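K.L.:
Keeping their order, the protein sequence lines are chains A and B.
By the numbering used here, the letter at position 13 of the first sequence is numbered 13, and the numbering carries on one by one without gaps.
By the numbering used here, the letter at position 266 of the second sequence is numbered 266, and the numbering carries on one by one without gaps.
Keep in mind that the hints were calculated from the coordinates and are not lab data.
Computed from a predicted model, the values in this text were never measured in an experiment.
Honestly, I wouldn't trust all of these hints.
[Said to hold, decoys possible] Heads up, simulated DSS-like pairs for lysine-lysine below, C-alpha to C-alpha not over 30 Å straight-line: (1) A/Lys250 / A/Lys90; (2) A/Lys90 / B/Lys8; (3) B/Lys134 / B/Lys115; (4) A/Lys16 / B/Lys77; (5) A/Lys85 / B/Lys185; (6) A/Lys90 / B/Lys13; (7) B/Lys247 / B/Lys277; (8) A/Lys250 / B/Lys247.
[Stated by the list, open to error] Covered stretches of chain B, as calculated for chain A (at least 3 residues, CB under 8 Å): (9) 19-28; (10) 85-99; (11) 104-111; (12) 215-227.
C-beta: ideal position from N, C-alpha, C; glycine also.
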Amino acid sequence: MSEASGIYALWYREFKVFTRERSRVVSSLITPLMWLVIFGTGLGSILNGAAVGGDYQTFIYPGIIAMTVLFSSLFFGVYIVWDKKIDFLKEVLVAPISRTSIFFGKVLGGTTDGMIQVVILMVLGTFFGIHYTILSFMATLVFAFILIIGIVSIGLTIGSYMSSPEGFSLIGGFVIFPLFFLSGALFPLKSLPAWLYTFVSINPVTYAVDGLRGIIIGIHQFSIMYDLSIILLFAFIMIVIGTYSFKRMKL
Amino acid sequence: MADAIEAKELTKKFGNLTAVNKISFKIREGEIFGLLGPNGAGKTTTLSMFATLVHPTSGEAYVGGHSIIHEQGAVRKSIGFVFQDPSSDDTLSGRENLYLHALLYGVNLTDINSKIDSVLSLVDLKDKQRVLVKNYSGGMRRRLELARGLLHEPKILFLDEPTLGLDPQTREHMWEYIKELSSKKGVTIIVTTHYMEEAEQLCDRIAIIDHGEIKVLDTPANLRRNVGGDIVTLRFSGKPNVAKLKKLKFIRKTEIKGSTVRLTVYNSAVHLQDILKAAGKVEAVESRSPTMNDVFLHYTGKEIRESGDEAEGGAMERIMHYRANSHR
Ligand SMILES: Nc1ncnc2c1ncn2[C@@H]1O[C@H](COP(=O)(O)OP(=O)(O)O)[C@@H](O)[C@H]1O
Ligand SMILES: [Mg+2]
Numbered sequence: 001m002s003e004a005s006g007i008y009a010l011w012y013r014e015f016k017v018f019t020r021e022r023s024r025v026v027s028s029l030i031t032p033l034m035w036l037v038i039f040g041t042g043l044g045s046i047l048n049g050a051a052v053g054g055d056y057q058t059f060i061y062p063g064i065i066a067m068t069v070l071f072s073s074l075f076f077g078v079y080i081v082w083d084k085k086i087d088f089l090k091e092v093l094v095a096p097i098s099r100t101s102i103f104f105g106k107v108l109g110g111t112t113d114g115m116i117q118v119v120i121l122m123v124l125g126t127f128f129g130i131h132y133t134i135l136s137f138m139a140t141l142v143f144a145f146i147l148i149i150g151i152v153s154i155g156l157t158i159g160s161y162m163s164s165p166e167g168f169s170l171i172g173g174f175v176i177f178p179l180f181f182l183s184g185a186l187f188p189l190k191s192l193p194a195w196l197y198t199f200v201s202i203n204p205v206t207y208a209v210d211g212l213r214g215i216i217i218g219i220h221q222f223s224i225m226y227d228l229s230i231i232l233l234f235a236f237i238m239i240v241i242g243t244y245s246f247k248r249m250k251l
Numbered sequence: 001m002a003d004a005i006e007a008k009e010l011t012k013k014f015g016n017l018t019a020v021n022k023i024s025f026k027i028r029e030g031e032i033f034g035l036l037g038p039n040g041a042g043k044t045t046t047l048s049m050f051a052t053l054v055h056p057t058s059g060e061a062y063v064g065g066h067s068i069i070h071e072q073g074a075v076r077k078s079i080g081f082v083f084q085d086p087s088s089d090d091t092l093s094g095r096e097n098l099y100l101h102a103l104l105y106g107v108n109l110t111d112i113n114s115k116i117d118s119v120l121s122l123v124d125l126k127d128k129q130r131v132l133v134k135n136y137s138g139g140m141r142r143r144l145e146l147a148r149g150l151l152h153e154p155k156i157l158f159l160d161e162p163t164l165g166l167d168p169q170t171r172e173h174m175w176e177y178i179k180e181l182s183s184k185k186g187v188t189i190i191v192t193t194h195y196m197e198e199a200e201q202l203c204d205r206i207a208i209i210d211h212g213e214i215k216v217l218d219t220p221a222n223l224r225r226n227v228g229g230d231i232v233t234l235r236f237s238g239k240p241n242v243a244k245l246k247k248l249k250f251i252r253k254t255e256i257k258g259s260t261v262r263l264t265v266y267n268s269a270v271h272l273q274d275i276l277k278a279a280g281k282v283e284a285v286e287s288r289s290p291t292m293n294d295v296f297l298h299y300t301g302k303e304i305r306e307s308g309d310e311a312e313g314g315a316m317e318r319i320m321h322y323r324a325n326s327h328r
């Protein structure tokens with residue numbers, strides 16, 4: 001009972017803060033729009049549509065959803081570092097709830113932020129010629145949800161070991177760029193050289209992007225169920241690691 | 001009465017530094033207990049160990065009858081903690097911060113609102129409950145955090161430097177809140193401070209801590225008695241001549257600072273005449289019973305630095321300060 005209300009407490013806080021800092025939401029949407037409009041149009045103008053199986057802008061749209069989620073969810077972890085800097089974290093740690101619940105409360109908070117951004121991007125997608133059915137809309141949300149949980153867990157894990165926001169940005173950058181560039185968000189997987197394909201295929205985000213692309217525009221390399229299983233496994237492992245890290249976290 | 005807290009050879013080392021060194025004491029249920037010491041003495045570390053936030057290197061302690069090592073959950077359920085540094089969320093309102101805290105402590109959903117109302121009125125923040133904490137003054141913030149510490153009705157409350165950085169008026173208000181808590185609700189309160197006056201005004205018993213060690217533990221009155229006499233301050237017009245004074249047996253201690261001489265005198269009421277005779281011509285004389293400042297000096301051999309203005313104050317300001325204290 002008190003664990004559940006503790007999880008709710010942490011979610012409540014993150015949600016309130018999120019709604020108070022709307023500029024954060026707006027700015028987190030500007031970057032993906034620039035990618036879509038500028039990069040998508042610019043590179044699309046020199047690309048033969050056949051190479052990606054359609055319009056390039058449409059092709060990268062699911063990848064841009066994944067990118068947005070990747071960056072905002074990973075950097076959500078920096079808030080735990082700020083909580084350490086002011087003594088807010090002490091206030092939470094001295095309360096009679098378990099570290100596991102604290103972790104889950106934070107994950108839920110970050111996931112809510114991420115899902116709101118995804119929904120906004122999906123609505124904006126209709127202006128770029130993306131059509132959703134009820135089924136594809138729901139399936140996109142499910143994929144995004146699982147990916148976000150995994151990435152938020154990575155962010156929180158990093159945050160639990162860091163004592164400065166600068167340190168967090170440094171490590172976060174090291175993690176996020178390979179995850180993004182090696183995911184096939186911007187290019188098809190079919191024609192990659194073997195060495196690059198190896199890296200791409202061990203990146204869990206690849207399967208999230210592939211699944212999203214399959215659901216939204218019908219282009220995919222693996223079966224949707226295969227994609228789903230891999231990111232479920234990925235999210236599960238990250239939750240386990242995150243929970244463990246929160247238990248070990250020192251002030 | 002039962003013990004609210006018992007510490008047994010509690011020790012914390014950070015690498016080579018021994019922040020808390022084998023402290024042992026008992027705190028009785030319902031008392032206001034003070035840990036008095038300068039910055040870096042180990043006060044926060046001691047409280048953090050009691051609250052299970054820091055693991056002791058060795059030793060043990062029982063809080064509300066529960067081991068801080070083996071029964072952390074039970075310990076955390078029975079305590080409230082007001083931290084030294086701000087720990088409320090700036091982007092939330094005062095009331096939202098309290099609501100958050102109530103949820104964290106599993107306060108019954110049906111009681112939450114009435115409990116929040118009652119702590120808000122206790123600390124006079126009802127009018128400002130909807131204001132975001134980032135727009136609070138330092139004093140309001142402190143009061144909010146005190147209210148938060150009380151919200152889940154802990155049996156034992158830790159206050160880490162509760163009046164640090166507050167103006168004198170707010171500080172005295174804070175003392176009233178704390179005393180009321182203790183007398184009305186019977187909460188055991190452990191307060192740390194480096195303000196002498198605060199320890200003396202507030203606490204039933206005081207432990208003086210320095211370099212992680214408890215130097216002495218007693219009631220304020222007993223501590224003062226142990227200094228061994230009253231403090232007599234003489235101000236000379238020129239350089240003081242203390243040769244004659246030093247011969248007087250009832251003067252326990254003689255210290256010279258510029259043109260003032262500070263004496264620790266056994267039974268000064270009887271001996272003042274003799275002192276003045278031995279001192280010769282003086283500009284001013286002041287006799288008073290010892291303050292906590294004198295107590296600290298007596299037990300640690302150094303003065304506690306209360307705040308910048310006082311440390312830098314001249315002799316006259318000091319005398320005026322003594323005077324202000326002696327009226328209490
Ligand atoms: N986490 C820590 N790591 C290393 N040293 C610490 C840590 N916390 C406190 N200390 C050191 O322990 C000593 C006691 O600190 P503290 O308990 O905060 O003192 P106080 O609260 O009395 O001012 C200080 O010398 C401080 O620098
Ligand atoms: Mg301290």
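K.L.:
Please go over all the hints and tell whether each is borne out by the structure.
P.N.:
Status of the hints after comparison with the structure:
1. A/Lys250 / A/Lys90: holds (10 Å)
2. A/Lys90 / B/Lys8: It holds: about 24 Å lies between the C-alpha atoms, which stays within 30 Å.
3. B/Lys134 / B/Lys115: holds (23 Å)
4. A/Lys16 / B/Lys77: holds (26 Å)
5. A/Lys85 / B/Lys185: violated (33 Å)
6. A/Lys90 / B/Lys13: holds (20 Å)
7. B/Lys247 / B/Lys277: holds (12 Å)
8. A/Lys250 / B/Lys247: Violated, at about 59 Å.
9. 19-28: Violated: only 0 residues of the stretch 19-28 of chain B have a Cβ under 8 Å from chain A.
10. 85-99: Since 10 is at least three, the answer is holds.
11. 104-111: With 4 residues closer than 8 Å to chain A, the stretch 104-111 of chain B meets the three-residue bar; holds.
12. 215-227: violated (count 0)
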